[in-house]
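Colleague: Sequence:
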Amino acid sequence: MKSIFKTILNVFPRPMLIRMSCLVKPLTMWALKGDRYTDPLDGRSF
Numbered sequence: 001m002k003s004i005f006k007t008i009l010n011v012f013p014r015p016m017l018i019r020m021s022c023l024v025k026p027l028t029m030w031a032l033k034g035d036r037y038t039d040p041l042d043g044r045s046f
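In our numbering, the protein residues as written are 1 to 46.
Treat the hints with care, as some may be off.
In silico SDA-like pairs for lysine to any residue, Cα to Cα no more than 20 Å straight-line [said to hold, decoys possible]:
#1 Lys25 / Arg44
#2 Lys25 / Arg14
#3 Lys25 / Pro15
Keep in mind the hints are simulated off the structure, nothing from the lab.
Let the sequences and hints guide you as you build the complete structure.
Modeller: Below is the structure:
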């Protein structure tokens, strides 16, 4: 697993990774949505 992340970080430039994270973040928030735990900082539930 460590080598996979190392390869990804070496292959893709940093600005591209930042743009990709902005696109993926809403999808992960939707996928992890739940009602078991509530984040005290932003009030979202997981």
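Colleague: State for each hint whether it applies.
Modeller: Here's how the hints hold up against the structure:
Note on lysine 25 and arginine 44: the hinted pairing holds, with a Cα-Cα distance of about 14 Å set against a maximum of 20 Å. With a CA separation close to 16 Å, the supplied pair lysine 25 and arginine 14 stays within the 20 Å bound. As the CA atoms of lysine 25 and proline 15 are separated by approximately 15 Å, the hinted pair is consistent with the 20 Å bound.
In terms of the numbered hints stated before, the structure departs from none.
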